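Colleague: Chain residues, written in single-letter form:
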Amino acid sequence: MNAVEVENLKVSFYSHKSNSFVHAVDDVSFTLGENEFLGLVGESGCGKSTIARMLMGLQIPDGGTIRIKGKEIKPPYPHNVYKQIQMIYQMPQDSFDPRRKVGTCITEIQSNFGVNKREARDFTMHLLTRVGLTEEYYNKYPHEMSGGECQRAAIARSLSLKPDVLICDEPTSALDVSVQAQVVELLAQLRKEMKLGVLFISHDLALVQGLCDSVMVMYQGKIVERGSAKEITQNPREDYTRKLLSSVLLV
Amino acid sequence: MSRLLDINGIDVSYGNAPILRGVSMHVKDGEIVGVVGESGSGKSTTIYATLGILGNGGKVTAGSIHYDGRDLLALSQEDLRKMRGKEMSLVAQNPVTSFHPIRKINKQLKELVACHSGMTYAEAEEHMCEIMAKMNLKDGKRLLNSYAFELSGGMCQRVSIAMALVLSPKLLLADEPTSALDVTVQKQVVEEMRKLRDEYGNSTLIVSHNMGVISYISDRVYVMFAGRVMEYGEKGAVIKRPMHPYTKNLIAAVPTMDAPMPTGVRPTGFDRTVPGCVFYQSCPCRQEVCALSDPEPVETESGHFVKCHCIREGKL
Numbered sequence: 224m225n226a227v228e229v230e231n232l233k234v235s236f237y238s239h240k241s242n243s244f245v246h247a248v249d250d251v252s253f254t255l256g257e258n259e260f261l262g263l264v265g266e267s268g269c270g271k272s273t274i275a276r277m278l279m280g281l282q283i284p285d286g287g288t289i290r291i292k293g294k295e296i297k298p299p300y301p302h303n304v305y306k307q308i309q310m311i312y313q314m315p316q317d318s319f320d321p322r323r324k325v326g327t328c329i330t331e332i333q334s335n336f337g338v339n340k341r342e343a344r345d346f347t348m349h350l351l352t353r354v355g356l357t358e359e360y361y362n363k364y365p366h367e368m369s370g371g372e373c374q375r376a377a378i379a380r381s382l383s384l385k386p387d388v389l390i391c392d393e394p395t396s397a398l399d400v401s402v403q404a405q406v407v408e409l410l411a412q413l414r415k416e417m418k419l420g421v422l423f424i425s426h427d428l429a430l431v432q433g434l435c436d437s438v439m440v441m442y443q444g445k446i447v448e449r450g451s452a453k454e455i456t457q458n459p460r461e462d463y464t465r466k467l468l469s470s471v472l473l474v
Numbered sequence: 024m025s026r027l028l029d030i031n032g033i034d035v036s037y038g039n040a041p042i043l044r045g046v047s048m049h050v051k052d053g054e055i056v057g058v059v060g061e062s063g064s065g066k067s068t069t070i071y072a073t074l075g076i077l078g079n080g081g082k083v084t085a086g087s088i089h090y091d092g093r094d095l096l097a098l099s100q101e102d103l104r105k106m107r108g109k110e111m112s113l114v115a116q117n118p119v120t121s122f123h124p125i126r127k128i129n130k131q132l133k134e135l136v137a138c139h140s141g142m143t144y145a146e147a148e149e150h151m152c153e154i155m156a157k158m159n160l161k162d163g164k165r166l167l168n169s170y171a172f173e174l175s176g177g178m179c180q181r182v183s184i185a186m187a188l189v190l191s192p193k194l195l196l197a198d199e200p201t202s203a204l205d206v207t208v209q210k211q212v213v214e215e216m217r218k219l220r221d222e223y224g225n226s227t228l229i230v231s232h233n234m235g236v237i238s239y240i241s242d243r244v245y246v247m248f249a250g251r252v253m254e255y256g257e258k259g260a261v262i263k264r265p266m267h268p269y270t271k272n273l274i275a276a277v278p279t280m281d282a283p284m285p286t287g288v289r290p291t292g293f294d295r296t297v298p299g300c301v302f303y304q305s306c307p308c309r310q311e312v313c314a315l316s317d318p319e320p321v322e323t324e325s326g327h328f329v330k331c332h333c334i335r336e337g338k339l
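Protein chains in written order, with our numbering: chain A, 224 to 474; chain B, 24 to 339.
Derived from the structure by calculation, the hints contain no laboratory data. From a predicted model like this one, the values you see are computed outputs, not experimental measurements. We treat Cβ as the ideally placed atom computed from N, Cα and C, and that holds for glycine. A couple of the hints might just be wrong.
Said to hold, decoys possible - Residues on chain B that point at chain A, a partial pick, calculated with CB under 8 Å:
#1 Leu103
#2 Met106
#3 Arg107
#4 Leu132
#5 Val206
#6 Val213
#7 His232
#8 Val236
#9 Asn272
#10 Thr279
#11 Met280
#12 Pro285
What the hints assert, rightly or not - 25 Å max Cα-Cα, derived DMTMM-like pairs, lysine to aspartate or glutamate:
#13 B:Lys210 / A:Asp250
#14 A:Lys453 / B:Asp91
#15 A:Lys466 / B:Glu214
#16 A:Lys466 / B:Glu199
So that you can see chain B by itself, here it is in the shape it has in the complex (with noise of 0.2 Å):
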């Protein structure tokens, strides 16, 4: 499989606030790839650096972000509204927001294939009814024929979701798509999120804070922390077996099934601005080197990578 999405090394800053540091991630075709991590860890910015709408005053100032061959940051903004939408489309976290609320759906449907060629309004609107329809969403035309504050929550994320698809991008972008929805509609989110990659084989990079969500939903996982990735790997690898401290504590706090809420827990405080480890002020296994310089991604298994010191010596 060949990379659809590979980002390489990048810097985001706002202003003069540095945001992201070296972070590299790809995509494969028809790979569905999550990102946790808490909040300020700049997953979303990562999304929004992909797409070109940093804004703010947001700029990446290094490394380079090619979609399938073409480098992104080299397009204007022109070419890149092109894109957007029809190669590569974005699921807001909150969808009734992510609406225009005095339009109904279906006039922001129209100014969707408006704005991008290659559709007819009606072959859009069969289209879209028939992804909702995927989506167990049955009454497509009267849902186009509303408002976004008219449907309930987890309706209009299912709307916004086919309204992302309705061009066939080849990558879906979705920031938080289930935090504002609950636990039974969320369950339904992701499951059909899974089975419409299944159906038109588009490339998913999605972003949340909910361990459960990622776990369940995707291929591949990276743990991202401070603005820079800290582990990535297959799911499996990353959610059963994770090795670097601060994966192993994210998880640990997680509240499961069988067993009391753990204690102890502490969230952990980050200086994005430091030279070495980013988790060095609160790593258990913490030592000398780690404070002077970042450490390289390590390979623990096939295609697992660690980015700790401690590991790359051994010591874990």
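Excised from the complex, chain A in its bound form (with noise of 0.2 Å):
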């Protein structure tokens, strides 16, 4: 059974500017396997974030079915579906609470879900320890915490619930080299621990080739090209696809 099945996924924004409507996300269809690392990469403003924001019920699509483990779900999603799908964020400081401490949220969501106490304490610092971090962390607010931690964080929280499916929107670009080399190896490590199908947005094509099992390449609202991260950065079959290998700047 796969993970994520989207098909046909719509959604258009007005802009007052030109006075009509914005395909931002237009008829768009895939599907995610359990336990897959899938990329999907394209310019801003092609459509990316806004289909995870729909996955996670963010925004109500226009038309189209999403089903997890087979099963359709339709916005507003019903609680316990967050118990299946998770997100991490581009800017991991902005997605905490900054007046509370980290440990605090990361257990409250479990105990949102009806696990005590106790136990959501003991699974957060063990999150915590799984992701590098240390016990200590679970005192800290978000300002106190570089952005390479606060990321940790954030991905022992979306992990709190064990969820199938973790959404990744963009959760290195705000980091430095050497924090997102260690960022995606231990994204890449918890898949295969967790089983997780793992949705990974990013601009970076080098990147996402050199993680992902199968890439997505996203323009203007449409996907213009699926295959696998060798298929893609080898032989591409757009012209598009070309000309976003091409603006990558290498070292």
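Work from the hints to combine the two standalone chains into their complex.
Modeller: Spelled out as structure tokens, the structure:
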């Protein structure tokens, strides 16, 4: 069974400037297998994040279906959908409540889903150590952590409900290269350990090709090409993919 | 070629917190110099110190900065103000917030012209449209008549580069000019900065954490870590044949097009106040002397300098 199946997903936004509708996501279909690491690349404004937002129920689609583990879900999502699908965001510091301790945030999510306080606390500690932080981080505020540490805490938070699917919306664009290498290494390990299906959104083709099993290229609201990481980088079929490849500045 | 900008061993601290220690770099006429390093390595601070806009209690406590033979640290704020924009100008990281949000761009250009003599607004407007046209922005007049938020990130960054160049400064200081842009626009902006240099012959000091950008645009590269320069030299030498263990580590972490992501990369923590080499904690080839004294730069090949004790002793 596929972890996520998306069929003919559509959404458009009204633009006052041109007095017309912009098709942000235009008839997109794809599947994300269980334990698959799928990359989604494209330039700013092509609709990558909008897809992520629709999968998370933060944006109501105009049409199309989303199935998670074979079961169709419709927004507003029932509470327990979030046990299956979780997301990490681009700016780790902004995705935490600035006035609350990181540990409290992670524990609270579990309490909301009926895990008792003690177990939730223990599991939070376990997760924090698993992502390479120490138990001291339980009592830290987001501003007391570096970007990389905070992104690890965000990964711990997203895994606190043991989801099947993890959406990563440009999780490393705000991080330094060495921190990026470490965060993606952690993601790759966790994916294997927890049998996660990961949708990895990025605009960095070099990063995606080195990390993902398969890659989708998105342009102007449509998915123009999907293939294995190798096919996409060595044998691109679409002109747009070639353009994207040529704009990667290599060292 | 003479040195247009010569930064000589500056120390900078914010209040009691030391940020830079003994940073030396120079930019020759018509040269593009790249500074690469991770967050907190002091790249931007170096630029702000040059422009005299450190703020937040920042002070240059040692060393000297010479621009075209003049000692910048000895100048008054008023003299510096006259130089900023005309002699040397800044391209900031986020183009949209570097413009005034509720004034049209042409009004800001008028202000720039009014602050510096030597050009009328009409001339400035014409010159700016010309520079913008070179960067593929054909509709210059309309762009000038817009607000910054009406332009896309890439357009806005090109407009801000044009504005920085409009009074023909000799030195352009670019602080992460492409990190707010996405890959396709990034390449365009970087290419155009190179083209403009060829056209106008201005020198550029560009700071970025993106190795790809630096290796594409620069003639020479400085690698900074924890407020110190670790290695510098010709682009080809530093990037293709890095000598310092820190540079090797940094370059290994950059994703490439034909290999899986590297594993086992560890970000490097640092303590700026140590007497010895700042990379000591994470260095694979550290020895006793590294903890005790900060290494002097060693020339490994012509123009390629590395600050490392191990290299000095031929152990690497």
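Colleague: For each hint, tell me whether it holds in the structure or not.
Modeller: For each hint, the structure was consulted:
1. Leu103: Status violated, d = 32 Å.
2. Met106: violated (32 Å)
3. Arg107: With a closest approach of 29 Å, the Arg107 of chain B hint is violated.
4. Leu132: Not OK, violated: Leu132 of chain B not within 8 Å of chain A, min 24 Å.
5. Val206: holds (5 Å)
6. Val213: This interface hint holds because 7 Å falls under the 8 Å limit.
7. His232: holds (6 Å)
8. Val236: At about 6 Å, which falls below the 8 Å cut-off, the nearest Cβ of chain A leaves the hint on Val236 of chain B intact, so it holds.
9. Asn272: holds (7 Å)
10. Thr279: holds (6 Å)
11. Met280: With a minimum Cβ separation of about 5 Å from chain A (threshold 8 Å), the hint on Met280 of chain B holds.
12. Pro285: Pro285 of chain B check passes; min Cβ-Cβ to chain A is 6 Å, inside 8 Å.
13. B:Lys210 / A:Asp250: With Cα atoms ~30 Å apart, Lys210 of chain B and Asp250 of chain A exceed 25 Å; violated.
14. A:Lys453 / B:Asp91: Status violated; Cα separation ~51 Å.
15. A:Lys466 / B:Glu214: Status holds; Cα separation ~15 Å.
16. A:Lys466 / B:Glu199: holds (23 Å)
Hint violations for this structure: numbers 1, 2, 3, 4, 13, 14, all remaining hints satisfied.
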